[in-house]
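Turn these sequences into a full structure, and let the hints guide you.
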Amino acid sequence: MESKLKEKQQSNSLIIDENELKEYKSTAKQYDSIPIEEKANILKLKISSLKKIKDDQSIQLDQLTSMKTNEDKKLLLQNAQLQAKLNNLRKELMNQQQTSIESTKNQVKAELQIEQLINSIRTELFDIRNEAQAQRFEIENQRNELMKKSKALNHELSLLSSRLTNSNQLEPLTTNTTRTSRKEEGAAAAASDDEMMKRYNR
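Residue 1 is where the sequence shown starts when you use the UniProt record's numbering, and the numbers rise one by one after that.
Because the hints were derived from the structure by calculation, they are not lab data. The structure presented is a predicted model; accordingly, all values stated were derived computationally and were not measured. Not one of these hints is a red herring.
Mimicking EDC-like on lysine to aspartate or glutamate, the simulated pairs with C-alpha atoms at most 16 Å apart in a straight line are:
(1) Lys149 with Asp55
(2) Lys151 with Asp56
(3) Lys68 with Glu131
(4) Lys54 with Glu145
(5) Lys148 with Asp56
(6) Lys91 with Glu115
(7) Lys54 with Glu156
(8) Lys148 with Asp55
(9) Lys74 with Glu131
So, in C-alpha cells, the structure goes:
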C-alpha cells in the first residue's frame, strides 16, 4: 500500500514537472521577444529579489541553528539534573538497605516506593530523550530544506548573472517602434516577470 502511494506521488510529481516545463517554455518565448535593455532590467530585478530571499533564508537558517543549540543545552541540563536525582535515590536506597533495622514488611514497602520513584524518573528521562531526538530530527530537516533552497537559489542566481552578462555584451538593438508598441512591450515584460515570480514562489 505504501509503495503504491509513493508511485502515485512520483507520477504526480512528473506531471507537475511537465506542466512547469511547458509553462517555462511559453514564458521563455515571450521573454525572448523583449528588447535586450529591458531583459537586463528584468534580470537585475530578479537577481535583487532572489538575493533578498536568499538573505532571508540565511537568517532563518541561523535562527534554527541557534534554536537547536539552545535546545541541546537545555536538554543536557535536564538530563544532568535527572541523572543526579537518580544517583541520589540509588544512594538513598543503598543506605536504607545497609542501615535499616525495621521489620521486613516496612523495609520492603520503603524499597518499593523508592523503586517506583526511580522507575518514574527513568520513564521521564526516556521520554525527554525521545522528545530531544524528535526535536533534533525536525530541526535538522528544516535546516536541510533551507540549505537545499539556498543551493537552488545560488544556482539560479548564477544562471541569471550569466544571462545578464551575456545580454550586456550584445549591441543595443535599434527599433523604429511607436510609443504605443513600446508600452505594449513594457506591459508584456512586466507580465512575464510577474509570471516568473509566481512560478518561483510556488
